Amino acid sequence: MKNNLLTIPFKDIAKHKITYHSLFCVVISFFYPNTLFAKSDNKLSKDSIIVSAKGNNNLQPNLFSSRSMQAGLLGDNDIMDIPFNITNYNSAYLESQQAQQISDILSHDTSIQISSSKGGLLDSLYIRGFPITEGNIGEFALNGIYGVSPNFQLLADYAERVDILKGPASLLYGMSPEGGVGGVINVVTKRASAQPITRLTAQYLSDSQLGGKLDVGRLYDLGNNQYFGIRVNGSYTNGNTAVDHQDRRLGVGAIALDYSSERFRASLDLITQNQNMNATNRPFFLGENGVVPPAPSGKTNLASPWTWWKSNDDSALLHMEYDVLSNTSLFMDIGGARTRIDRVNEQTYTVLNDQGDISTYIMNFQSKTQRYSVGTGIKSEFMTGNTSHQLALQWNRYFDRYNVGTNAGTPYNTNLYHPTYIDKQIPDYPEITKRSENTLSGVSLVDTIGFFNDSFMVTPGIRYQNIKSDSFTLGALSTTYDESAITPLVGLLFKPTDNISLYANYVEGLSKGSTAPVNAKNSGEMMKPFRSKQYELGVKYEQPVAITTLSLFQISKPSGSLDPNSLIYSANDEQRNRGIELSVSGKPFDSLRLTGGVTYIQAELTKTASGQNKGNEPIGVSPWVANFGAEYDIPSVSGLSINGNINYHTRQYVNKENTHSIPSWTTVDIGSAYKTKISNTPVTLRLNITNILNERYWSGVASYSTFAQGSPRTVLGSISVDF
5 MKNNLLTIPF KDIAKHKITY HSLFCVVISF FYPNTLFAKS DNKLSKDSII
55 VSAKGNNNLQ PNLFSSRSMQ AGLLGDNDIM DIPFNITNYN SAYLESQQAQ
105 QISDILSHDT SIQISSSKGG LLDSLYIRGF PITEGNIGEF ALNGIYGVSP
155 NFQLLADYAE RVDILKGPAS LLYGMSPEGG VGGVINVVTK RASAQPITRL
205 TAQYLSDSQL GGKLDVGRLY DLGNNQYFGI RVNGSYTNGN TAVDHQDRRL
255 GVGAIALDYS SERFRASLDL ITQNQNMNAT NRPFFLGENG VVPPAPSGKT
305 NLASPWTWWK SNDDSALLHM EYDVLSNTSL FMDIGGARTR IDRVNEQTYT
355 VLNDQGDIST YIMNFQSKTQ RYSVGTGIKS EFMTGNTSHQ LALQWNRYFD
405 RYNVGTNAGT PYNTNLYHPT YIDKQIPDYP EITKRSENTL SGVSLVDTIG
455 FFNDSFMVTP GIRYQNIKSD SFTLGALSTT YDESAITPLV GLLFKPTDNI
505 SLYANYVEGL SKGSTAPVNA KNSGEMMKPF RSKQYELGVK YEQPVAITTL
555 SLFQISKPSG SLDPNSLIYS ANDEQRNRGI ELSVSGKPFD SLRLTGGVTY
605 IQAELTKTAS GQNKGNEPIG VSPWVANFGA EYDIPSVSGL SINGNINYHT
655 RQYVNKENTH SIPSWTTVDI GSAYKTKISN TPVTLRLNIT NILNERYWSG
705 VASYSTFAQG SPRTVLGSIS VDF
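Under our numbering, residues 5 to 727 are what the sequence shown spells out, in order.
Accuracy of the hints is not assured; some may be wrong.
What follows is a list of derived Cβ distance ranges for each label pair [stated by the list, open to error]:
no., residue 1, residue 2, range
1, Y468, I584, 30 to 40 Å
2, V687, F456, 21 to 31 Å
3, T443, T391, 55 to 65 Å
4, D451, S488, 15 to 25 Å
5, V543, K679, 28 to 38 Å
6, V641, H422, 44 to 54 Å
7, F455, V719, 46 to 56 Å
8, F455, L67, 28 to 38 Å
Heads up, simulated DMTMM-like pairs for lysine to aspartate or glutamate below, C-alpha to C-alpha not over 25 Å straight-line [as the list claims (entries may be wrong)]:
no., residue 1, residue 2
9, K532, E441
10, K537, E182
11, K611, D577
12, K438, E529
13, K314, D211
14, K372, E182
15, K499, D458
16, K217, D726
Worth flagging that the hints you see were computed from the coordinates, not collected in a lab.
In this text the structure is predicted, and so the values were computed from the model without any measurement.
Even glycine gets a Cβ: it sits at the ideal position worked out from N, Cα and C.
Based on the sequences and whatever the hints tell you, model everything.
Shown next as structure tokens:
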């Protein structure tokens, strides 16, 4: 059964490409007004509706965030009851910003720094100064599960909410596929709710991208406390982007099915996502004599116009729950995803000097990625005397296989400020061979224990984690890694009053240990899994008009290095990040909604081989990040609102020697929305302009020392009609 669930959707998608015209026709015919509509009686409480509709009716004061959030194995909880710094952005906020992909919204959280270009191949970023999603395997969770989301970029079409839990969280979500420890980004998909939705959207994006979106959802009352829900999202966009001679064609299809009865609940998500871009942005790298040059216009594109990048993502996730008792339920998740990449484009741009001279080459890059995830467990709520318990036990297993082939073309030179382009030069198509296989499996046990009517809660937890990793050279097994570790969690939360939560946590995260290189005396020795440790203190303060969170944290993460004197490879290096985060979401009065925050991180290389670079700052971490956003309803014009957002980052180092850095930058975004009715049909018009001042800037630095070009001024407009 497992194989059928995982492979049938993928085969169907692969053989019969979904056309958005046919998807539109099917959905419209299915939901046409003359057909059976979902009942929307008042007796449909939020708890009797499909699971994830739960958070839609429980908003924070600014209406852009939910009070209820998924916290992995801890389940859905009110943010005031979670002993972590955890934030979220809902679909209303994504719509107000006209976000196209999830990273458009993540940049509004000051604990996050985006390290990739807007017009690039993937969304890479830092959380609390540690990188995630930088490798070939994605690290975004979908509905709390790794290994089922699109691999490189998640789009906003199917997102109901984006949850961000800050700090290592392998005990709650399972180990991150690439060992990221800064936090977890979990995308909660749209589902049917008691309120039917049929929404058509026409949109425009600079310079000439046109597209359409469809969002249809129904919840059916089947009687006997049984409900069936369906939510369908589809979109198609095509045209030239705001970057010179770059065009993008994007198609998305997503279906979410739900069934709920007295004791059994199930949900199924199917997502297909296809992108085709010409002349994609690529990162920059400093050559031996290179320096970080002044950033060019965001419209400048060094990529040859004929180059391309194509990606196809298919995802499936099945979730089931069964109540064996009124207070105890069994659950299971089965899912998987596959990604196919076909790209022929520049690899990286090596900066040769302060005049902006660049060296690069064309790479023919072909890859296939398969990921699967399965998990099962039990949750129970019970009392022992006057003490409450929320106990959860889970086993999960994650697997990925990465196949790749590359062929490089002839190097050529160009210039950052005066680009020259080469004629079409396609290296031979490479043979695609297996490069790696990884299996991450483990068992987690956690219990939230409440005292004094849950005004004081203690959350102890423990996880056993096994990491198995095989590397291949031209398809032949070359190295094997097989290690295990046990990690703890302790969370404390105290409520002196109903609107104040004081919390603390100690939690450990895991990354795969490295293997000693061939030039080490202990060549081939495998390091134990690297154990990251977080200490955090915080306070959450709730008022009728705002929720404020203040936290202090320290995360230390070890890594391997070769001692230049002894030539012994060991876990000698360590990065330690200490920081303070302040975030506010509120509504001072009915017509004004605010969101924002500021983060300070003191990042330091506390241990290095032979003391080299010790005390320096690690690559890519901005000491200060600030963001402030507001939306205001114009009193004199019913339905009209304006919004704005300011994003500020200080400098980031490009190398461990701290001799080169990208400078600080500030961008300003503005927007407006007008909601009205035409022939009694709700219509919403939106206009947003990002980077309205057309700032020239380097937007971020990846942990492997590449830096990304900032986006130019971009105009987004849309008209949405609700039927």
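Please verify whether K314 and D211 have alpha carbons no more than 25 Å apart. Status holds; Cα separation ~21 Å.
Cβ separation of V687 and F456, checked against the hinted range 21 to 31 Å: For V687 and F456 the Cβ distance comes to about 52 Å; the hint is violated.
Assess, step by step, whether the Cα of K499 is no farther than 25 Å from the Cα of D458, and give holds or violated. This hinted pair holds, its Cα atoms lying about 8 Å apart.
Hinted pair, alpha-carbon criterion (25 Å max): K372, E182. Please report holds or violated. Roughly 17 Å separates the two Cα atoms, so the pair holds.
Status of the given 28 to 38 Å range, CB of K679 versus CB of V543: For K679 against V543, whose Cβ atoms are near 37 Å apart, the range 28 to 38 Å holds.
Hint consistency between K537 and E182 [alpha-carbon to alpha-carbon, up to 25 Å]: Satisfied, since the Cα-Cα distance of roughly 17 Å is no more than 25 Å.
Assess, step by step, whether the Cα of K611 is no farther than 25 Å from the Cα of D577, and give holds or violated. With a Cα-Cα distance of about 5 Å, the restraint between K611 and D577 holds, given a limit of 25 Å.
Whether the CB-CB distance between F455 and V719 falls inside 46 to 56 Å: holds (55 Å)
What's the verdict on K217 and D726, does the C-alpha distance respect the 25 Å limit or exceed it? Roughly 12 Å between the alpha carbons, so the hint for K217 and D726 holds.
Satisfaction of hint between E529 and K438, Cα-Cα up to 25 Å: holds (23 Å)
Between T443 and T391, does the C-beta distance stay in 55 to 65 Å? Given about 38 Å between the Cβ atoms, the range is violated.
Lying within 28 to 38 Å: is that true of the beta-carbon distance F455 to L67? Holds, since F455 and L67 (Cβ atoms, about 34 Å apart) stay within the stated range.
Of the numbered hints listed earlier, those contradicted by the structure are 2 and 3.
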